[in-house]
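Engineer: Residue numbers (this note's numbering), protein chains in the order written: chain A, 1 to 182; chain B, 1 to 309; chain C, 1 to 436.
For the record, the hints were derived by calculation from the structure and aren't laboratory data. Computed from a predicted structure; not experimentally measured. It is possible that part of the hints are untrue.
[What the hints assert, rightly or not] Not close to chain A: a few residues of chain B, all C-beta gaps over 12 Å, as computed: (1) Thr12; (2) Leu72; (3) Arg145; (4) Asp150; (5) Pro187; (6) Gln223; (7) Phe231; (8) Lys249.
[To be verified] Per label pair, the in silico range of CB-to-CB distance: (9) B:His147 with C:Thr391: 45 to 51 Å; (10) C:Gly250 with B:Lys83: 55 to 61 Å; (11) A:Asp151 with B:Ser77: 28 to 34 Å; (12) A:Ile172 with B:Glu95: 40 to 46 Å; (13) A:Pro2 with B:His201: 39 to 45 Å.
All C-beta atoms, glycine included, are put in the ideal place defined by N, C-alpha and C.
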Amino acid sequence: MPVVLDADRMARSLARIAHEILERKSGPGNTVDIAELALVGIRTRGVPLARRIAKSIHEIAQHETPTGALDITLYRDDLSSHTLGPQPLVRKTEIPFSIDGKLILLVDDVLYTGRTIRAALDALIDFGRPKAIQLVVLVDRGHRELPIKADYVGKNIPTASTQNVQVHLMEIDGRDEVEVLP
Amino acid sequence: MKKDLLGIADLTADDIYRVLETADAMREVGQRPIKKVPTLRGKTVVNLFYEPSTRTRTSFEIAEKRLSADTLNVAVSASSVLKGETLVDTALNIEAMSPDMIVLRHASSGACHLLSRICKSRIINAGDGMHEHPTQALLDAFTIREHKKDIAGLKIAIIGDLLHSRVLRSNALLLTKLGANLWVCGPPTLVPPGIECLGVHVTTSVEEAVSDADVIMMLRIQQERMQGAFFPSLREYFNVFGMTTDRVKLAKPDVIIMHPGPMNRGVEIASDVADGPYSVILEQVANGVAVRMAVLYLLAGGVEDEAAA
Amino acid sequence: MKRLLKGARLVDPVNGRDGSFDVLIDGGRIARIGRDLPVDGAAVVQIPSGLVVCPGLIDMHVHLREPGQEHKETVATGTAAAVAGGFTAVACMPNTSPVNDNAGVTEYVLKKAAEANLARVYPIGAVSRDQKGEQLADIAELKSAGCVAITDDGRPVATALLMRRALEYTSMFNMPVIEHCEDQTLKGDGVAHEGFHASSLGLRGIPSEAESIMALRDISLASLTGGAVHIAHMSARQTLAAVRFGKSQGARVTCEVTPHHFVLTDEMLGAPVAYDTNTKMNPPLREASDRDAMLQGLADGSIDVIATDHAPHAADEKQVEFDQAPFGITGLETAVSLCFDRLVHRGVVPLPRLVELLSVNPARILNIPGGSLSEGAPADITILAPDLAVTVAAARMKSKSKNTPFDGWQLRGGVAATIVAGRLVYANDNLDLAIW
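Using the sequences and the hints, build the whole thing.
Structural biologist: Have a look at this one:
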């Protein structure tokens with residue numbers, strides 16, 4: 001069965017993540033203020049996920065978390081090898097707030113090798129000096145190639161590297177579903 | 001997109017939109033506190049300018065640096081040309097040092113085509129003789145879309161020395177490809193033979209050209225044209241073809257005035273029009289950097305969908 | 001040594017022959033022509049069927065570049081290219097360095113031709129000293145040294161007055177003035193035909209009228225003086241109209257067209273290779289209507305001669321920006337194939353008319369031997385292969401220079417062999433000719 005996360009489970013995972021974020025932030029010994037939180041979704045599917053988490057946080061704590069969109073194409077480490085092939089399409093980065101002193105929650109759909117996250121970290125550093133950066137992912141499929149770990153995970157799905165994990169979101173694909181295909 | 005950018009003639013409408021959309025993303029880089037992305041890190045770009053240029057060369061240089069490329073400016077002075085080194089020899093000598101891209105501006109039409117046949121580096125045309133100036137047309141299109149959303153259906157007037165203008169040729173090709181209603185105007189002595197075959201309206205009446213226009217683009221008049229008996233004097237040129245406030249009033253109320261620069265105030269354009277509320281001339285310059293970043297990025301490859309990370 | 005050429009179709013318009021005839025060659029001359037000639041001790045050369053024997057072809061517009069520009073071509077390499085192209089004789093232009101405006105240079109060229117011992121060379125002398133357009137050159141001296149015509153080719157004769165004098169003066173020697181028709185102020189710094197293609201490519205244009213205006217001038221002066229003017233490398237339909245008018249008025253005007261002007265158009269400036277300097281020549285490639293007018297003129301007899309304007313240039317000289325490149329392309333080794341493929345096989349001209357254009361008329365206009373296979377005449381013979389499949393290969397050409405736009409072209413028709421004064425000076429190795 002290719003579907004490993006259906007719409008219902010996805011919604012519950014995201015709601016749980018929102019609770020976890022708020023709990024950790026306000027737990028014992030924690031110095032983070034809810035006002036310092038900011039969400040940055042990595043394009044493309046990290047962006048609607050970030051917005052949904054922002055909405056959940058608002059429902060729980062009646063707080064508007066600043067949300068931005070980050071395009072990491074220009075920071076990829078595999079561009080130089082593309083000299084004869086086509087380049088990936090660059091989309092706009094929109095972070096309409098200062099990230100200085102904030103706890104940035106980077107949001108992406110799938111955590112795999114970790115290279116996208118490395119590129120995102122490079123990009124964010126160019127925007128300012130956050131207090132801390134944490135990682136939120138809907139799916140962790142393993143096979144890290146860099147020392148990167150997620151702080152909040154929707155679901156751990158061990159996969160073979162030959163398999164393909166496809167995340168479908170209502171805002172982009174018209175349905176909420178995660179499939180693992182051979 | 002192909003290996004080189006030699007002219008708008010080789011681009012499809014899709015290619016053009018791709019450049020403009022990428023330029024939009026690139027512009028945001030220029031608005032950050034750290035105006036740099038590592039995309040072209042380790043790539044070498046040579047700016048080989050045989051004609052003097054402040055605007056275009058600086059624009060390319062900033063664009064290259066924002067993408068973290070290593071830039072090399074080779075300003076070929078008159079003396080090295082006098083020493084007899086051919087363009088081909090100069091380019092091959094530079095190629096021996098393995099640049100990734102060469103940005104060439106040259107006085108001879110077709111110079112970039114010649115280098116493209118001989119060099120392995122990607123060639124970007126920064127203006128070849130009277131032929132094309134593709135990045136100028138692209139930044140002009142970008143500027144127009146900032147103000148007018150869509151180019152299709154706009155009435156655009158280009159006025160000036162049409163015969164010798166590479167900006168005209170590139171713009172005529174680009175704007176007609178994107179569906180504009182293009183009017184070109186100039187003295188009969190400066191109208192290129194057969195230009196109507198590009199799908200443009202040709203007129204010698206400025207009033208006809210600008211009437212109800214959405215965009216007015218003025219081209220530079222060069223002093224040397226008087227030696228070739230193309231028109232009697234700059235004064236007469238200004239009286240018949242110069243863009244004055246009165247003529248601007250014939251256009252649409254939200255018209256924009258453009259000029260590739262550098263301007264001859266009082267010759268093709270009155271100072272008060274150049275500095276007036278409709279002028280977007282300085283925006284064109286700012287947009288040039290973003291557009292050139294897009295071109296450099298896209299030429300280090302092409303375009304495809306997002307690859308999985 | 002007697003040789004008997006047997007079994008070929010002989011095309012000899014001057015003597016009214018077109019059919020199967022044998023040719024007996026003896027002592028470098030044509031001894032006899034007839035049907036089924038007896039062998040009588042001659043070496044028999046059986047000409048394979050399909051080949052055509054005709055009077056040796058004569059290219060009356062060739063730049064041999066010697067003296068002074070030997071890096072482009074020499075008399076030796078140029079005449080080797082000529083015979084490979086089927087030409088038994090060429091007339092060479094005086095714009096060498098030094099200019100051929102005196103007996104010394106004329107004799108030098110003839111000496112080099114004799115050393116090469118391939119095609120015959122007929123020098124054309126300058127109209128004016130150093131081709132400067134100020135004073136007439138010593139034309140009588142040029143004629144007695146061996147020149148067959150005069151020209152300032154490369155440029156027009158500078159003024160109407162000088163052209164008038166040249167026409168008057170040369171009429172005494174029965175030599176034509178060959179004219180490169182071009183109004184230089186209209187040409188300006190143009191590099192290509194003034195039209196849509198040059199415009200789109202940003203190349204400065206040369207209008208057709210730059211040529212036709214000068215042709216009209218020269219034809220009027222020919223009428224005035226009774227002198228003979230030959231319009232070189234005609235390219236524009238307006239010029240052809242002027243020539244027709246002049247002929248109808250009884251002026252002594254003749255004209256020539258190059259193969260590239262009846263095959264190519266200015267569309268080649270942009271494609272297949274943009275800014276290919278092998279499409280840059282003067283006069284430039286013009287529009288389709290001009291090219292078609294030339295074809296019409298060849299068919300209806302208004303055009304007298306096909307001549308190549310063979311203009312070799314070294315590779316590095318042509319590998320520059322279009323407006324910096326020298327004008328000109330080679331032509332000796334592509335002419336016959338282009339003539340067969342584009343004229344004879346397309347029904348534009350029949351083969352006997354082609355022989356007139358390439359042999360009979362050049363001989364007549366320059367007043368030189370040749371143009372026919374008459375008994376007693378020198379045995380200058382070209383053997384043509386009308387159906388030979390030819391792929392133009394610049395790298396294998398005999399000319400020192402390879403500046404041709406036809407490289408790689410596949411054409412039908414070529415040269416089987418070239419014979420000068422009874423000697424075989426060229427044989428095509430692609431043809432199994434058990435000849436000689």
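Engineer: Which hint numbers does the structure go against, in order from smallest to largest?
Structural biologist: 9, 11 and 13
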